[in-house]
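Colleague: Guided by the hints, dock chain B onto chain A, whose structure is given.
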Amino acid sequence: MTKNHNLQEIEMKLKNKAYLTFHGDGILDLLMGWNLIGVGLFLYTHSIIFSYIGLLPLFFLKGLKTRITLPRLGHAQFRTRRTPSMWIIGSIGGVLLLVAIASGFILKDSLGFVVPIALAIFGIAFLMVLNSGFNRVLAYAILIPLLFVVGLRLRFLSPPMIITVGASLILYGIWILVKFIQDNPILDEGIVDVSE
Amino acid sequence: MSQNNPEDNYLQRVDEIDRTIHSPTRLKILIVLSTLVNADFTFLTRTTGLTRGNLSANLRKLEEAGYIAIEKGYIERVPRTLVELTNEGRNALQTYNENMRAVLDDLLNQNN
Numbered sequence: 001m002t003k004n005h006n007l008q009e010i011e012m013k014l015k016n017k018a019y020l021t022f023h024g025d026g027i028l029d030l031l032m033g034w035n036l037i038g039v040g041l042f043l044y045t046h047s048i049i050f051s052y053i054g055l056l057p058l059f060f061l062k063g064l065k066t067r068i069t070l071p072r073l074g075h076a077q078f079r080t081r082r083t084p085s086m087w088i089i090g091s092i093g094g095v096l097l098l099v100a101i102a103s104g105f106i107l108k109d110s111l112g113f114v115v116p117i118a119l120a121i122f123g124i125a126f127l128m129v130l131n132s133g134f135n136r137v138l139a140y141a142i143l144i145p146l147l148f149v150v151g152l153r154l155r156f157l158s159p160p161m162i163i164t165v166g167a168s169l170i171l172y173g174i175w176i177l178v179k180f181i182q183d184n185p186i187l188d189e190g191i192v193d194v195s196e
Numbered sequence: 001m002s003q004n005n006p007e008d009n010y011l012q013r014v015d016e017i018d019r020t021i022h023s024p025t026r027l028k029i030l031i032v033l034s035t036l037v038n039a040d041f042t043f044l045t046r047t048t049g050l051t052r053g054n055l056s057a058n059l060r061k062l063e064e065a066g067y068i069a070i071e072k073g074y075i076e077r078v079p080r081t082l083v084e085l086t087n088e089g090r091n092a093l094q095t096y097n098e099n100m101r102a103v104l105d106d107l108l109n110q111n112n
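Here the protein sequences come in this chain order: A and B.
Okay, so the first sequence: first residue is 1 according to the working numbering, each after it adds one.
Okay, so the second sequence: first residue is 1 according to the working numbering, each after it adds one.
No lab work stands behind these hints, which were simulated from the structure alone.
C-beta: ideal position from N, C-alpha, C; glycine also.
Watch out, some of these pointers could steer you wrong.
[What the hints assert, rightly or not] Quick list of in silico lysine to aspartate or glutamate cross-link-like pairs, EDC-like style, CA-CA up to 20 Å:
hint : chain 1 : residue 1 : chain 2 : residue 2
1    : A       : LYS65     : A       : ASP188
2    : B       : LYS28     : B       : GLU88
3    : A       : LYS62     : B       : GLU76
4    : A       : LYS15     : B       : ASP106
5    : B       : LYS28     : B       : ASP18
6    : B       : LYS28     : A       : GLU11
7    : B       : LYS61     : B       : GLU84
8    : B       : LYS61     : B       : GLU16
9    : A       : LYS13     : A       : ASP188
10   : B       : LYS72     : A       : ASP188
11   : B       : LYS72     : B       : GLU84
12   : B       : LYS61     : A       : ASP183
13   : A       : LYS65     : B       : GLU88
14   : B       : LYS28     : B       : GLU76
15   : A       : LYS17     : A       : ASP183
16   : B       : LYS28     : B       : GLU98
17   : B       : LYS61     : B       : ASP105
18   : B       : LYS28     : B       : GLU64
[Stated by the list, open to error] Partial list, computed: chain B residues near chain A (C-beta under 10 Å):
hint : residue
19   : VAL14
20   : ILE17
21   : PHE41
Chain B on its own, in the form it takes in the complex:
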């Protein structure tokens, strides 16, 4: 298989798609966080419509990947779990966006 074969490039781009972000649940969380400086656990639960368990599990995966930072803090003297997107997470989301666009563009070009 030649490196210059357009079909190979297309398949290679599919391989480059970040599986951590590709899950709809985690993508939803990252999109919300990308518009915010930070948010607490309650806000994320309300905004994404996810259950506590589901949100927790996916936040853990994103934290392990280094895409988000979780820390305990206080808002108006009330303890809150604050979540924010890291620079690594922001870059990963941008790369994911570019890769997905490229894959879909290739797919559409092949169909035309």
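Looking at chain A on its own, in the form it has when it is part of the complex:
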């Protein structure tokens, strides 16, 4: 029992380290910044095209991870796959998103659409933090509702400010990405022949 417990602990530590390194490449920050710029431009111009542009990087996420992150960190398949808590997070996240989208259609105005989306993002991000300990997500979970719900509703935050925050996040993401690439050079994959 002790042996299994220790192996589970080792696996958890390896998994957490791999997870944190995998998401410590700055790509999440870049995407978050891009998304905020899209939302800011959407609120500024009321042109729906900008909200789609804001979501565009989501389609590149897998490709970026495959080309930048995976070759540098390598691949590992853990023995325990998706944990029950991840299923709970996925389910709650899905319900939150559905509520957000549904209420957006009911409320109709752009602000009414943004508020429930922001709450949904906060809910998902907060649950992710509880599950993974990836603290930067918590910062975004606080930042997004602060920007959208408090800032816009109380009118002390303007779309240009959201765009500025988005641009800052992109710069921060680029800085993290450069550091990640420097710290994790691509290694030659494969066994080398060391026999004399």
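Modeller: For chain B alone, kept in the frame of chain A given last:
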């Protein structure tokens, strides 16, 4: 020397310790692999902190002993060298664990 002499049993257990696993480097590799279904060469290099040459040499020894299986595969269309612990390797690691525990228990009992 009698078979029933506790000291003989103790020495016999020391002899039973698997030298392939007993190396700290190979033990480290096996512990990491025992928590995984498989891992590629890059992940193992990063996790164990070993150099390519050192990791390669020790993987070869473990493969020769039948404790790990190495095969070429593709992850997201990228060629990777995948390493996994075999059943033989898992059993050997468990036996090693039991033998080491027994030796250390004997040692502690003798000192008390």
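Colleague: Work down the list of hints and note, for each, if the structure agrees.
Modeller: Checked hints:
| no. | hint | result |
| --- | --- | --- |
| 1 | A:LYS65 x A:ASP188 | 18 Å, holds |
| 2 | B:LYS28 x B:GLU88 | 17 Å, holds |
| 3 | A:LYS62 x B:GLU76 | 10 Å, holds |
| 4 | A:LYS15 x B:ASP106 | 35 Å, violated |
| 5 | B:LYS28 x B:ASP18 | 14 Å, holds |
| 6 | B:LYS28 x A:GLU11 | 13 Å, holds |
| 7 | B:LYS61 x B:GLU84 | 14 Å, holds |
| 8 | B:LYS61 x B:GLU16 | 19 Å, holds |
| 9 | A:LYS13 x A:ASP188 | 26 Å, violated |
| 10 | B:LYS72 x A:ASP188 | 14 Å, holds |
| 11 | B:LYS72 x B:GLU84 | 11 Å, holds |
| 12 | B:LYS61 x A:ASP183 | 30 Å, violated |
| 13 | A:LYS65 x B:GLU88 | 35 Å, violated |
| 14 | B:LYS28 x B:GLU76 | 28 Å, violated |
| 15 | A:LYS17 x A:ASP183 | 15 Å, holds |
| 16 | B:LYS28 x B:GLU98 | 17 Å, holds |
| 17 | B:LYS61 x B:ASP105 | 29 Å, violated |
| 18 | B:LYS28 x B:GLU64 | 17 Å, holds |
| 19 | VAL14 | 21 Å, violated |
| 20 | ILE17 | 17 Å, violated |
| 21 | PHE41 | 5 Å, holds |
In the structure shown, a violation is registered for the earlier hints numbered 4, 9, 12, 13, 14, 17, 19 and 20, in ascending order.
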